[in-house]
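If you read the protein sequences in the order shown, they are chains A and B.
Each residue of the first sequence is one higher than the one before, starting from 1 at the first, in this note's numbering.
Each residue of the second sequence is one higher than the one before, starting from 1 at the first, in this note's numbering.
These are calculated hints, taken from the structure and not from any lab test.
Every value quoted in this text rests on a predicted model; they were computed, and no experiment measured them.
Careful, some of the hints might be misleading.
[As the list claims (entries may be wrong)] Here are the simulated lysine to any residue pairs, SDA-like style, with alpha carbons at most 20 Å apart:
id, chain 1, residue 1, chain 2, residue 2
1, B, K80, A, F24
2, B, K89, A, T23
3, A, K18, A, S34
4, B, K82, A, I33
5, A, K140, B, S118
6, A, K140, B, S213
7, A, K140, B, I104
8, B, K39, B, P255
9, A, K140, B, K89
10, A, K10, B, E148
11, B, K89, A, I136
12, B, K89, A, D137
13, A, K140, B, V266
14, B, K82, A, D35
15, B, K82, A, V36
16, B, K78, A, D137
17, B, K226, B, L214
18, A, K140, B, H119
19, B, K82, A, S34
20, B, K80, A, I136
21, B, K82, A, D137
22, B, K80, A, A92
23, B, K82, A, F24
24, A, K140, B, T102
25, A, K140, A, K10
26, B, K82, A, K18
27, A, K140, B, L198
28, A, K140, A, F55
29, B, K82, B, H117
30, B, K89, B, D72
31, B, K82, A, A135
32, B, K192, B, S213
33, A, K140, B, R81
34, B, K89, A, R141
35, B, K82, A, L19
36, B, K82, A, R141
Here is how the chains run, residue by residue.
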Amino acid sequence: MIDFLTQLGKTTRAAFNKLGRATFFLLHTLFGISDVIIRPRLLINQIYSVGVLTFLIITISGLFVGMVLGLQGYNILSDFGSEEALGVMVAASLVRELGPVVSGLLFAGRAGSALTAEIGLMKATEQLSGMEMMAIDPIKRIMTPRFLAGFISMPLLAALFSSVGILGGHLVGVGLLGVDDGSYWSQMQANLDFQDDIINGVIKSIVFGFVATWIAIFEGYDAIPTSEGVSRATTRTVVNSAFSILGLDFILTALMFGDQ
Amino acid sequence: MDEDDSIISTSLVSVRNLSFRRGNRVIFDNLSLDIQRGKITAIMGPSGTGKTTLLKLIGGQLCPDQGTVTVDGIDVHKLKRKDLFELRKRMGMLFQSGALLTDINVYDNVAFPIREHSHLTESMIRTLVLMKLQAVGLRGAAKLMPSELSGGMARRVALARAIALDPMMIMYDEPFTGQDPISMGALIHLIKSLNTTLGLTSIIVSHDVQETSLISDYIYVISDGKVAVQGTPAEIEASDSPWVQQFMKGEPDGPVHFHYPANDYVKDLFYSPEKPLKRPKKPGGPGFFGKKSSPPPKTAESKKSSRSRYHSQD
């Protein structure tokens, strides 16, 4: 029992210790924003590797998720004779929940893991130490542009996911199952609220982008500089990001839609 | 002026009563040494004695538990981060791996510190970079990526980058490790010629005894966290310490035994396989000061870094 409590205490202390270091790291990263503004090229390069290269997986996933929603939604709605509500059902599901959450999970898996591995390997090959000895702050030079790139890219990717998903739902619902084209769009237009649905979805995607990128760059910077250490850090990025996104999604949903 | 004062005035780096620990392991115990201006000083010692750690302490990447490190009269560990970075602009460091940025080519690697720290035009940067690459004989490799370079070439590029800002001193971390004879010869020549022509002060951390002795003006041999012996290469060569002789000549057996302490050989051979082997009593051989040699550090993650405060120190 004593051993268990000792171990529990150690684990808890280690977790808080890491959270503290991650918070200071984040503050240091944010202090570097002024440097990135002076040299936007650094940010543009990272937006390409973090955002543009994640474009394909987001588009394809969004299409299939939308198509599945169209199919499942049609089956349920047709039982109640409300097939024309398919558009609003697909759009609300995507914009409110699936867009930010699924694109956040995909972002963590594709871009987050790549960020952790890249930064971890830079640490293992002494590139970060080398920068420090060249009097260049690696956090401002390496971490800040990557953090900003993730923060900016994620809401755009979530919007892309939702948009392609709505088209996927249209393809199946209207194109294959015969739902009226006008009803699909007009029901969506009439029932989706800009503030409640779209803005809340965008806020979620911004939060998920912030958290997933923070986890990714910190895990890379904190990685043990060996191949095994980088591998473990990459795994931690995906797992911790997934838990954080899903947990935060519940909290944000409760705050946004809890009183309706 | 007494002798000690004159040494301090001519020394660029002065380490005084330095103590440093990693966990319970003592790396340096009241270490003192001086690096003379304009000279090549070698720091040698067996693996795991903390030679690279000493360079990191001089560069301010680690903080000592006790003692001071002054570079050009400035106490490195009392500097604020901004001032430390200003000092580092005058210090070059050649890492064992080269530490080149792998996503940019040779030219951009050498141009990297110049672009970061100056407002020179691209044409002036080009001239400077080509001059530095010419100095290390790799002007023709300017457009190659680091992955296309051999180990020796990568270190020469890293050397060109280290001299890009015309530093007052360069620290070389194991520059000869894993080099073929031609690359090693090129590096030896470069270190010597750069030190002379640019008026640098060089610190070489190495356990390649012959190569380092060839170009060093002064040698410190470190063992058990202290300076075991110091002097010119000739003085070290003439040392009557069996430990130093074994180290300098690379003899497999001597005060540091070839065999890790073990139980009786014959008994071990005829021991019943069902019974586990007994653990030997002594974990290591003696160092210069007769202590047990410390085992090498377990993993790189255990490295303590006060400057890199967000790294795990578990």
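Results for each hint:
Our distance criterion of 20 Å between C-alpha atoms is met by B/K80 and A/F24, whose separation comes to about 17 Å. Only pairs whose Cα atoms come within 20 Å are accepted, and B/K89 paired with A/T23 is rejected, the gap being roughly 29 Å. A distance of roughly 26 Å separates the Cα atoms of A/K18 and A/S34; the hinted pair therefore is violated under the 20 Å criterion. Between B/K82 and A/I33 the alpha-carbon distance is near 17 Å, which keeps this suggested pair within the 20 Å criterion.
Taken as a hint, the A/K140 and B/S118 pair is honoured in the structure, with Cα atoms around 17 Å apart against an allowance of 20 Å. With a CA separation close to 40 Å, the supplied pair A/K140 and B/S213 exceeds the 20 Å bound. With a C-alpha separation of about 18 Å, the suggested pairing of A/K140 with B/I104 holds against the 20 Å cut-off. Note on B/K39 and B/P255: the hinted pairing is violated, with a Cα-Cα distance of about 31 Å set against a maximum of 20 Å.
Annotation: proposed proximity of A/K140 to B/K89 holds, straight-line Cα distance about 17 Å (limit 20 Å). Only pairs whose Cα atoms come within 20 Å are accepted, and A/K10 paired with B/E148 is rejected, the gap being roughly 46 Å. In summary, the hint linking B/K89 to A/I136 is supported, as the alpha carbons are separated by about 9 Å, within the 20 Å threshold. Proximity of B/K89 to A/D137 is assessed by CA-CA distance (about 12 Å); at most 20 Å being required, the pair is judged to hold.
For the hint pairing A/K140 with B/V266, the CA-to-CA distance comes to about 61 Å; that exceeds 20 Å, so the pair is violated. Between the alpha carbons of B/K82 and A/D35 the distance comes to roughly 15 Å, so the proposed pair stays at or under 20 Å and holds. This hinted pair checks out: B/K82 and A/V36 have alpha carbons roughly 18 Å apart, not beyond 20 Å. For the hint pairing B/K78 with A/D137, the CA-to-CA distance comes to about 18 Å; that is within 20 Å, so the pair holds.
With a C-alpha separation of about 24 Å, the suggested pairing of B/K226 with B/L214 is violated against the 20 Å cut-off. A threshold of 20 Å between alpha carbons decides the hint, and for A/K140 with B/H119 the separation of about 19 Å falls inside it, so the pair holds. For the given pair, B/K82 sits about 16 Å from A/S34 by alpha-carbon distance, which is consistent with the 20 Å threshold. Distance check on the hinted pair: B/K80 and A/I136 sit about 14 Å apart at the alpha-carbon level, within 20 Å; holds.
With a C-alpha separation of about 10 Å, the suggested pairing of B/K82 with A/D137 holds against the 20 Å cut-off. A distance of roughly 53 Å separates the Cα atoms of B/K80 and A/A92; the hinted pair therefore is violated under the 20 Å criterion. A threshold of 20 Å between alpha carbons decides the hint, and for B/K82 with A/F24 the separation of about 18 Å falls inside it, so the pair holds. Between A/K140 and B/T102 the CA atoms are separated by roughly 18 Å; this keeps the pair inside 20 Å, and the hint holds.
Restraint check for A/K140 and A/K10: not satisfied, since their Cα atoms lie roughly 32 Å apart, outside the 20 Å limit. A C-alpha spacing of about 26 Å is found between B/K82 and A/K18, which places the hinted pair above 20 Å, so the restraint is violated. Taken as a hint, the A/K140 and B/L198 pair is broken in the structure, with Cα atoms around 32 Å apart against an allowance of 20 Å. At most 20 Å may separate the alpha-carbon atoms for a hinted pair to count; A/K140 and A/F55 exceed this at roughly 26 Å.
With a C-alpha separation of about 13 Å, the suggested pairing of B/K82 with B/H117 holds against the 20 Å cut-off. At most 20 Å may separate the alpha-carbon atoms for a hinted pair to count; B/K89 and B/D72 meet this at roughly 13 Å. For the given pair, B/K82 sits about 9 Å from A/A135 by alpha-carbon distance, which is consistent with the 20 Å threshold. This hinted pair checks out: B/K192 and B/S213 have alpha carbons roughly 12 Å apart, not beyond 20 Å.
A hinted pair counts as satisfied when its Cα atoms are at most 20 Å apart, and A/K140 with B/R81 qualifies at roughly 13 Å. Restraint check for B/K89 and A/R141: the C-alpha separation of about 16 Å stays at or below 20 Å, so the hint holds. For the given pair, B/K82 sits about 26 Å from A/L19 by alpha-carbon distance, which is inconsistent with the 20 Å threshold. The straight-line distance between the Cα atoms of B/K82 and A/R141 is roughly 15 Å, inside the 20 Å bound, and the hint therefore holds.
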